[in-house]
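Fit chain B to the known structure of chain A by using the hints.
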Amino acid sequence: MKPGPTGWEVVIGLETHAQLSTVSKIFSGAPTAFGAAPNSQACGVDIALPGVLPVLNRGAVERAIRFGLAIGATINRRSVFARKNYFYPDLPKGYQISQYEAPIVQGGALVIPTAAGAKTVRITRAHLEEDAGKSLHEDFHGMTGIDLNRAGTPLLEIVSEPDLRSAEEAVAYARALHALVRWIDVCDGNMQEGSFRCDANVSVRPLGETRLGTRCEIKNLNSFRFLERAIEYEARRQIELLEGGAAVVQETRLYDPERDQTRSMRSKEDAHDYRYFPDPDLPPLVLSEQWIEAVGAALPELPQAKRERYQRELGLPAQDAVTLTQSRELAEYFEAALAAATPAAVPAKTVANWVMGELSARLNEAGTDANRSPVGPAALARLLGRIQDRTISGKIAKEVFDAMWAGEGEADAIIERRGLRQISDQAALEAVVEAVLAANPRSIGEFHAGKEKAFNALVGQVMKATGGKANPQQVNELLRRKLAR
Amino acid sequence: MISGASLTELRAALDARRVSSVELARAFLARIDRLGAQLNAFITVDPERTLAQARAADERIARGAAGPLTGIPVAHKDIFCARGWRTTCASRMLADFVSPYDARVIEAFDEAGAVVLGKTNMDEFAMGSSSENSHFGPVRNPWDPACVAGGSSGGSAAAVAARLAPCATGTDTGGSVRQPAALCGVAGIKPTYGLVSRYGMVAFASSLDQGGVFARYARDLALLLNVIVGFDPRDSTSLERPREDYARELERPLSGLRIGLPREYFGPGMDGDVREAVEAALAALRRLGAVTVEIGLPNSRLAVPAYYVIAPAEASSNLARFDGVRYGYRAADYEDLTDMYCKTRAQGFGPEVRRRILVGTYVLSHGYYDAYYLQAQRVRRLIAQDFASAFRECDLIVGPTSPTVAFAIGAKTTDPVTMYLSDIYTIAANLAGLPAMSIPCGFGRGGLPVGLQAVGPYFSEARLLNLAHQYQGVTDWHLRAPRGFEPERPE
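Those protein sequence lines, which keep their order, are chains A and B. According to this note's numbering, the first sequence is numbered sequentially starting from 18. According to this note's numbering, the second sequence is numbered sequentially starting from -8.
Just so you know, not all the hints are guaranteed correct.
[Stated by the list, open to error] 27 Å max Cα-Cα, derived DSS-like pairs, lysine-lysine:
(1) A:151 - B:334
(2) A:481 - A:412
(3) A:415 - A:499
(4) A:101 - A:136
(5) A:101 - B:334
(6) A:415 - A:468
These are calculated hints, taken from the structure and not from any lab test.
One chain only, chain A, in its complex shape (with noise of 0.2 Å):
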């Protein structure tokens, strides 16, 4: 489906669920690890029994002051917990422990790139609170299931302001906050898992309104394909409503893959009275600021740091800078590799060229990430040096990276092995373009005879002639000299 009529703008915000890389719950001692057999991981807190009492995990707050310091938010040094009051099987306690009027991360931004440049998506809030269990609506026979092995497993809750102008930002917003997430250890960004989860609000307004139109809600959405689908699908929805004079009603949707459509859930008159009151069994979160300062100083450079870094210093276009910073694996291999080849003054370009190009490629086919590369950076480092001394040529140095990824070894030994150092010895070159003009005859005609293709053809035959060693650049010179005659 293709994003509606011109004529309005489709405004979107996401509120996004990343579940926080602890070992153990945010309430609980009981593990996350995802997978295990049913309610084999909810110890009495998780499970409710009478009596049991919440006690915070600070590994979580610290991912979440983490968080809040790489989008650059204010990090509130009182925050509070609340409680939030519906009845549900999967809601062990009747309530979920959330932050409410005081989130511990407030505003802050997150650079995106889009189709026309980069862009600014502002940050309401980040909160803490804890996931409910699962309901099993299936092999129950009319009953349900309740697997409460995720109940009280950390979320960050983070809000996007409504800043979002189609379904194409809406999904960049998505992957560079999953990118920033997992660069910065606070969540694993398995989406089939569930780790990592979008809600989006959805409103559409003729072009030039500034008042924001009526929005829905749409849950749940897992991947970013849904995610796309679903914006685009309920924005169309919502124009053909306004366009037929029929008005939106503020209601939460649920995407439905298959039928690739929205439907509704509950209606706003549903919506719960969800009650929240600051959780009397948790005191107010107060963070010391030598804490906060600790965390701080333990981020890594964030990817918006290092793609202007990249081009700043490094003179890499804008699009390569957004390419290498897209895992914060690939951005270290990039640094790593560079580093290693700097002293053989191969340039920035080249070594951003193979990382992008052969590695990227190599790692996509393996389903890995570049810190599990069977050719390291210093590895990838010295090939390149191989290029640029003229070793080789860029096309073989191919050749010899597929070696070397193959397990071959390292690249001098694979060049020396195979005989694949360049030809470019004059006298050797000059034998073997006498040999090859002497057996072309009709391509020497042609050539005199104005046609550009048969020098190409002519190069190609003392390439093949020498397995592809010859330099390049030298065969072109002793051609055209010979050619000349």
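Chain B alone, transformed into the frame defined by chain A:
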């Protein structure tokens, strides 16, 4: 002799091997068996479990490894989760719930070597002032079985008064230790909020709930506080403080002690017999060297209304977990999920609990939250400020624990507001988180006991017990036993 002894005497007797823990346990179990039914003070007794613990205590004493309470029997309010024991909270909802874990208070008693006699009756989920709101029937007052024992920890207070146990645990959210202590003629103390871990104590109103203890002697209360007070990392509101010996000030003379008498507590509303007993106690304290000064707690009239917003608000949320899904009572027949919730909770909770859940849900609702809940929190701060100001003029505040002596069973059950006013003097200490106690100070109408309440600044438990001990040194109210419940004569 045994059933009338203090903990100190029992300790000495056990250590000197004049009596064994098993003998002690048997003696109290026999009294419970013989006299307990008429009071309905216990919900669960389990003699085998008790005797097994007693045998272990005797072994520990024989090894020379006795702790402060090793071999000493205790009765626990049925609000504390105790592994292997039914923990009912006097509710149909938990009538068959056997806890898989121990509350911190239970652990502390176990570590000290105490022997559990049973779980005591109470108001359902600690909601009440008479121990009539129990799925297991009302507790009766040993001084007059037609009267209530007070509540919510009525079973514990009645058990100690009737010498069915030398000491017992309770919880105090708005007076639930002090008021039944007063009505049953025993001593009870609720320490500063945060000193006793709430871990494993079934929550009623988390910001007000505090564990406490009953005994007849002030010194016994000190020994018991030494056992149950302590930091617990499993309770985020637990306070981390250096250990203290709550008996250290018992012998201090009261000379120079400034006792504040809140004029608001001595106005109309207090029955004449209560006033007489309290005035006599004040005279005794003055004779001991204390000076009394009139003080003001100007916002005290707001304490009951603020409490009946905050406590139900927290309760409505705390009791949401009793939904029939994972444990506890579930209605037998239902149409769908909502119907299951409605029937389970309508059938599983008694009327007072349902009333408070409804009130609490209402005051937290959208549009009412500011007017009720936030307003009540403001009142709460004012009340705490009142106390802070008062404690600049006095060391402890003393007055009646309850405006009346024990009332007849059924007398107030139809009018919740009248019932709520039973706690008019006790609630403010919970709202402020202050330590408070009640000690017997005489008898009023119908020969029913009167309690004297003392409230102190934060962490002043040792001073409160000092007052109690000195007072008990010149009075014998705490030694009187209800008719029919006198301790056995020495053989």
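Status of each hint after checking the structure:
Straight-line distance between C-alpha atoms of residue 151 of chain A and residue 334 of chain B comes to about 24 Å, which keeps the hinted pair within the 27 Å bound. For the hint linking residue 481 of chain A to residue 412 of chain A, the alpha-carbon distance of about 13 Å falls within 27 Å, and the restraint holds. With a C-alpha separation of about 31 Å, the suggested pairing of residue 415 of chain A with residue 499 of chain A is violated against the 27 Å cut-off. Taking the CA atoms of residue 101 of chain A and residue 136 of chain A, the gap is near 34 Å; set against the 27 Å cutoff, the hint is violated.
For the proposed pair residue 101 of chain A and residue 334 of chain B, the alpha carbon gap of about 23 Å is at most 27 Å, so the pair holds. At most 27 Å may separate the alpha-carbon atoms for a hinted pair to count; residue 415 of chain A and residue 468 of chain A exceed this at roughly 31 Å.
The structure is inconsistent with the numbered hints 3, 4 and 6, although it conforms to all the rest.
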